[in-house]
Amino acid sequence: MTRSEVAYDLAVVGAGPAGLAAAGVAARAGLRVALLDAGARVGGQYFRQPPDGFHATRPGALHHGYARFVRLRDGLGDTDVLLGHRVWAIEPAVGGGFAVHCLKGGRERAATVAATRLLIATGAHDRVLPFPGWDLPGVMTAGGAQALLKGNLVVAGRRVVVAGTGPFLLPVATSLAAAGARVVGVFEAGGRFTLAPRALTRPGKAAEALGYGRLLARHRVPYKGGRAVVAAHGDGELTHVTVARVDAEWRPYQGGHETIRCDTLAVGYGFTPQLDLVAQLGCEIGADAAGVPAARVDRHMRTSAPGVYAAGETTGVGGADLAALEGEIAGRAVVADARGVPAAAHPAAVRTEARRRRLAAFADALLRSYPVRDGWTSWLRDDTLICRCEEVPYGRVKEARDLGAADARSIKLLARPGMGWCQGRICGEAVARLAGEAPGPPRRPIAQPVRLGDLAAMNERTSDDDA
Amino acid sequence: MTGASPYRLVGARPEPGFEIRVDGRPVPVVPGQTVGAALHAAGIRTWRTTRFDGRRRGLFCGIGVCFDCLVTVNGEENLRACLTEARPGDEVTTS
Ligand code: FES
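Going down the list, the sequences are from chains A and B.
Under this note's numbering, residues 1 to 467 are what the first sequence spells out, in order.
Under this note's numbering, residues 1001 to 1095 are what the second sequence spells out, in order.
Nothing false has been slipped in among the hints.
Rough simulated footprint, nothing fancy, chain B against chain A, three-plus residues with beta-carbon under 8 Å: (1) 44-54; (2) 59-65; (3) 422-431.
These are computed hints drawn from the structure, not numbers from a lab.
Note that beta-carbon positions come from the ideal geometry of N, C-alpha and C, so glycine has one too.
Bound conformation, chain B alone (with noise of 0.2 Å):
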């Protein structure tokens, strides 16, 4: 994307990021991004599969209202991406 942009539109001059691990792959993070921002902002923007009929899922509300955004940080299951603030060394696995 080149010329307009949010950073531009807001001016911000975001601290130095960090990363996570998404299975595995590193994900860039501004401090304080959700891990589903921090997802779609490297693209990917589908990370579950539904129970049923394996239907790809990634964020939908994105204010914790739908629950199509689940994750596993760190161990703990089924927290909401949308929600969830990344922090440096995190594990993200997604099912």
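Chain A on its own, in the form it takes in the complex (with noise of 0.2 Å):
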């Protein structure tokens, strides 16, 4: 086992909602915690904070519950919190408990954390589908969209087009908006977000979509709904893309295409968990209301491996309310499970079941009112890109299935897509889609890239330290 750091009780991966409840929770109760984080400020995606170089009068202008942020982040007590670094890989250490092995900073050096237990709270990433033109410089995801101007108070372009699916591109498309971008149009591929029947389980979420609708009429944004970005045009940037009508499985209409100029175009079609640390641990994956692969846990938050705890995106994506009480609950759960008392003891433990069921029920029903439907395969032509990294055109995945590839495996062994830098985070899905199966939870036997020599060196601690 590698040695080299104090040993904590509770290790946390990821700083969003979720890992910062939970963190709290357990340092408030005396409990040694790391909380480790990617990122140069806490917040993870849903609360990224611009730089302290901007000294921000009004940082909370660009959030919705900006002040829930603020007790997180005070609520973190003596946790201490360790940012820059990336965790790329989990071990159980000889002796019980886990060897968190991190790259630190901007520019990469290797540590390592040693923990009792661990929370993962890794949150998701924007699910993009291929579309010809999906490459070009200029088109981003959502979620990139958002973290520009969140994270670096940089607006992602001049006009803007944003399209996909589900409602989280109405806050993308209205933050770009008060930030000073013409945002020419909000397409979603399936119906427009209609708040009547989900207003009656969860009137706060209601609120905060309506008051979307009155900031996309005060920027004259128009919001469409079955509508899809068919494909993206330029001569090396984006200039321009079109617009279909579709209909209910996303197949284009004949002849209701639209061209519309823009500089960018923000895309998204939903979140995809980060899962790579929970599978690494062997965590039982389950699948989201949407079928995408999420960490099972128990009602505690438990995974199905000791001492492992998952919430937030990485049991299904439910958003930061939701999140933000799962990590409440893990980090209770963590804290009973460390003195040996029933978790469900707990007095505010009805409560917060309760709570939690109402919010998950609400993202359970979100996610299956936004799937991904199979129509977008129509948008593809033999030379779109399914895999950006290895440069895998469609035709090439159609040959491999001609060949007799018929399983998401065997198109990766043919026509090598998922197999660069990105490992397959990004076309992943798409490929699984294309060969007819249901998403699969990820293989990767480390979760960020490492330099050969930072493995090497962690071998040579922990052989030294076995010596």
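Quick one: dock chain against chain with the hints and give me the complex.
Written as structure tokens, this is what we have:
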């Protein structure tokens, strides 16, 4: 085992709403807690903060629920916050607990953190679907455009189209518009986000979405359902997109096409939980309401691996409110388990459990309302890249299928999509869908690319320790 | 861009910036910004060409997932521009 650092009672990976809440609960209860995050500031994707160098006097202007973020951040107690730590592997340590292997700082030095228990709260990233021209500069993920804005105060472009599916497109469009971009349209491939049925289940959310409606109107941003960006065009950089009217399966209607001039397309088809670490730890992985892989947990957020907890989008995409609540529940369970008392005995357990169920039901309803429909494959042409890293066009994927590759794995071996730098994080789901499979859990030996030197250094340290 | 701006929105009073050099060109940075954000803000939206077809790439996912944004900083290769905080004097080269 690597013994280089202090041993913590709990290492939390990911400082978004779930990780912040969990770390705070555990630290305030007296546990020694390390909170690790790859970013330079806490908050995760949702509460991403601009650098201190901007001296923002209204940092909450870009966030819903900023006050809650401040409470979470200020409630961390004695938590050791380890920023700029990218966790690339976690191993069970000899004699119990875990060794969390990180690359530290922007310029990558290796470090190891030892902890008795682990909470994985690594969030999610945008799901994107390939379409002709999606690799032109100027096409970005919706979350990427948000990250540029929230984290760097840079507006992704001047004339922006927002497209994809799901209610997340709305805050992206409204914040870009508020920050000065001309948002020429929001195109939702599914039905427009209407609130009537859901307003009953979750009044707070309805108010939030109505707020977006007002903001869209104020900035004169058209919001259209049943429309998809089916192609992006430009000579070296994006100059316009083709928007098609699509049917319920997302197949374009004949003739319902419109060309829209823009320098930026922010596109997202929902989110994919980042499961590399839970998969690496051997935790059981199930599926969320939309059939997307997610860590399976009990009602105290324990995974199937002893000592490993998961919260937030890791357990299924559900948004910041649910993530923070799951973090709180996980933090309490860690404290209870560390003390050998039943987690269900906590005085707040019943109330939080009821609230969690309500939020989870709402999240599931959203996931079911905004699934990816099969018609997206009709947007592809033979020369459309499926894998951006290895530059594998759709034609080669079809060839592999014609050669008898019947599943995603065989397609990958024959045509090499998903074998490049990103290890299939971007195209994996599309390849699975093209193979007619449900997207599967990741099988990546490491969660971040590591230099061979760092691996060697770790091995040396490990064997020194063994000796 | 006139009128609305992200700075006005959050009431930012940025510290004096610094410059980095990207393939020899000076690019301004507000302290704390990533290399990728600084490039984007300077209107440079593409800085890498792909191995096979020489396709141009810049920021795509913006959060360290896609590896489209790779740069070399002070000789250190294959850093993700969207994650790497710019520092005074950085020499960024692209391929
Ligand atoms: S833009 Fe995707 S890794 Fe940097």
